[in-house]
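S.K.: As given, the protein sequences belong to chains H and R, one line each in that order. Heads up: the first sequence begins at 2 in my numbering, then just goes up one per residue. Heads up: the second sequence begins at 725 in my numbering, then just goes up one per residue.
Hint data in this document are derived by calculation from the structure and do not stem from the laboratory. There could be a bad hint or two in this list.
Stated by the list, open to error - Residues from chain H that keep clear of chain R, each with C-beta distances beyond 12 Å, as calculated:
no.	residue
1	55
2	133
3	318
4	410
5	412
6	448
Claimed, not checked - Subject to a maximum C-alpha distance of 30 Å in a straight line, what follows is the list of computed DSBU-like cross-link-like pairs (lysine-lysine):
no.	chain 1	residue 1	chain 2	residue 2
7	H	444	R	799
8	R	799	H	154
9	R	786	H	152
10	R	965	H	204
11	R	925	H	445
12	R	925	H	200
13	H	274	H	297
14	H	337	H	411
15	H	174	R	786
What the hints assert, rightly or not - Simulated coverage check for chain H against chain R, where a stretch passes if three residues somewhere in it have a Cβ under 8 Å from a Cβ of chain R:
no.	region
16	39 to 49
17	206 to 212
18	462 to 476
19	497 to 507
Even glycine gets a Cβ: it sits at the ideal position worked out from N, Cα and C.
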Amino acid sequence: MNRREFAKMMGVSAVALSGIPLGITRVAGQTKGGTLNTIIQPEPPILVTALNQQQPTLTLGGKIYESLLRYSPDLKPLPGLAQSWEVGADGLTYTFKLFPNVTFHDGKPLTSADVAFSMTKMLPETHARARAIYSRIESAETPDPLTVIFKLKAPFAPFLTALDCTTGPIVPKHIYDGSDYRKNPANAQAIGSGPFKLKEWVKGSHVHLVRHEGYYRKDEPYLDEVIYRIIPDAASRSVALEQGKINLTQWNDIEFYDVARLSKLPNYEMTTKGYEYFAPHQWLELNNRVKPMDDKRFRQAIAHALDLKSMAARVYFGLPKIATGPVSSKTRFYEKDVKRYDYSLEKAKALLDEMGLKPGADGKRVTLKYLIPPYGEVYQRAGEFIRQSLGRAGIDIQLENTDVGGWADKFSNWDYEITGNLVYQFGDPALGVSRTYISSNIKKGILFSNTAGYSNPEVDRLFDEAASTIDEAKRQELYSKVQKILVEDVPVVWMFEAAYPTFIDKRLKNVISTGVGIHESFSSVYFG
Amino acid sequence: MSSTTINKGGRAGAVALALAGWVVKFVVVVLVIATFNFILVHAAPGDPAQVIAGQSGASDEKLLEQLRAEYGLDKPYPVQLANYLGRVLTLDLGYSYRQQRTVSSLIMERLPATLLLTATAFILALISGIFLGTLAGIRAGKWSDTLLTIVSLLLYATPVFWLGLMLVLLFAVELNWLPAFGYATIGVQLSAFERMLDIGKHMILPVTSLAAIYLAIYTRLMRSSVLDVTHQDFIKTAKAKGLKQGAIIMHHILRNAMLPIVTVAGMQAGALVGGAVVIETVFAWPGLGRLIYDALLQRDYPVLLGVFLVMSVIVIALNLLTDAIYRMIDPRVSVRAAS
């Protein structure tokens, strides 16, 4: 018997032998205790998710603030602060029953009044995404401290899908009501009802969360503390993982090119699950106002000329799935039976020829500028790949660089030809998909609106009808129809359903349990 | 010291006058710098509202309106500039809506970490650079000089982030002797002494990486300066007088060879306050350099302007200090108190 077999027999895992210093005792079952060490980058500006919705704020804020519902990986509603809910037959009335004994971090109880205040007063004022949804609420009634009844102005099917912790964080009314929300001194302490509360935030170094002792879910949270370390350099983050100083990574913590190497580490499991609610969709944004992109054949030609398979393999190291249309296959109402744009230079060239775009003496048919999204190295590489790939079809791409401010300014003011974009879907086409394609959302100066300038009355009508239809089967029919039209028209060239590598310490259990993944409250995460 | 022939009372008056003139000059320079910063910072396309919207994944007119109002961007530029200069005059550095904190508190929080890192590296590099440079200079042509020259050239040519990463790979990943990043161990209770040791341990790698490049500069500068001085007549005189080698080096060569070093060091001291963005990033060091960098990317104008202003004031102060040191070492350099 060699040492490994002996260890196995004794029930000692390889992990325990490697002796990563974490200061926790390992006991079987859902043990209490332990510190979860993870990364946050870039550093969030503030932790109050009602006031700021940048990615790091939401990742961290999910531990501090809770909302009415949670969602399973296939986006079915689960109890959050609400233990049960009912939807009226008219599709207008939503009744939620809260769990009893929920308290905020300052010890005050969380009641239906806090829910009504958050969703009808504060969030519509401070949270752009929540504003678009909750401003549809006509009235909020609170017959007792544990019941809240929302009446909508008109039926809005995705209402039950828009109550996650990033959209509908419940804030304490007694602290915010009547104050200047953004200047409230309590913002520094970030008082929510989540399983963890802020103990210390050393700017530039780390955010230290500790257990909220008065948490309403029995025995939860299991962990004592969660420490988010701010590590700005990608190489240093990989080192932290390799050294076992970190139990969990998320979003872009680990660069794509490091994934294959780090996946070999014995102590971690790598998954791309847990982003189903956001289902980020990545596409080439084409300014439909600029010639020749105003011609559908040209946009189709680009779709044919992009070698997405090798781009996924070479730029994103095999992680993302190729997108087939505007709706992510990870969310509801996805239609897979649509026109396909397989990689084919012949088809691309044929379309361009048909348009009369003949190659010049240098082989170039047309020259367009690609504004590289300023969100990191991988976008740069993607830009270079796109230039190479389209160049083969005679579409000459010139790369343009800028910073976030410059990009947002040019992009939102339609001062671009082609750029890249990554848009979240938020579990329902009415929340995260339609905004890109409907004419009423062509708004100069606003990001994540219909920046491409695509306009089609039939598409407008279908999206509109689907959002206000309650019958799921009918909705599916409408969304299938609109997806077919959009894929034929290619207002933007969908590339990938973006994927992010999440490395999880193998001793850590229950990390990815819902459709919001690492944004979840972590109340049921434990070291096993 | 002074070449003036005014009587004592007049002299005090002259000094007061000079001081007053100096203060006026200082205020004017600071205001000019502040205006310049303001114009530069606002010249870039895009604004904080757009950046925040771009990172939030959703945006609408109301959000942009609210954010612009918060940042005071809804007012015309001249009004914004006047407001800003008015605040500068009352020593108010402004408020970062992004971070929900006053700019001065943000700077004060980061300054110690940056000073600890950069000042340690600076002093280390200065002292060892002077020592090694002198050594190389007086042994010019010998093998030890050749070795020092090669090493300093190599260090000078090495990108600082690369050196940092290599040190991390060797001492943190391979050998596991030193922490790879951070300022102190998080989540442990330590006594004051243990905490000092802990921070010291965290400092070794970033300080070494940062000091390396300065060390190379000072060594090379000192070497050529020593060589220069060694060939001058007064050294020959000193030798002819029969002075010992040690005394000649200490009193005659070093004192004169130091002058260019003081000039360069004075200039670099200004850069110390800005922190070392690259080193602070590689080692996750919570310093001012990263604060500036983040503020720049996020268009956090109040923070950006505040840090620039504080840095320029410190640079002016350090220049004065350099002048004073220069005068101490070389009495020929003098500034007339009044004319």
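S.K.: Decide, hint by hint, whether the structure agrees.
M.R.: Tested hints:
no.: 1; hint: 55; in the structure: 4 Å, violated
no.: 2; hint: 133; in the structure: 7 Å, violated
no.: 3; hint: 318; in the structure: 21 Å, holds
no.: 4; hint: 410; in the structure: 4 Å, violated
no.: 5; hint: 412; in the structure: 8 Å, violated
no.: 6; hint: 448; in the structure: 5 Å, violated
no.: 7; hint: 444/H <-> 799/R; in the structure: 22 Å, holds
no.: 8; hint: 799/R <-> 154/H; in the structure: 37 Å, violated
no.: 9; hint: 786/R <-> 152/H; in the structure: 24 Å, holds
no.: 10; hint: 965/R <-> 204/H; in the structure: 62 Å, violated
no.: 11; hint: 925/R <-> 445/H; in the structure: 53 Å, violated
no.: 12; hint: 925/R <-> 200/H; in the structure: 25 Å, holds
no.: 13; hint: 274/H <-> 297/H; in the structure: 35 Å, violated
no.: 14; hint: 337/H <-> 411/H; in the structure: 34 Å, violated
no.: 15; hint: 174/H <-> 786/R; in the structure: 23 Å, holds
no.: 16; hint: 39 to 49; in the structure: holds (count 4)
no.: 17; hint: 206 to 212; in the structure: holds (count 3)
no.: 18; hint: 462 to 476; in the structure: violated (count 0)
no.: 19; hint: 497 to 507; in the structure: violated (count 0)
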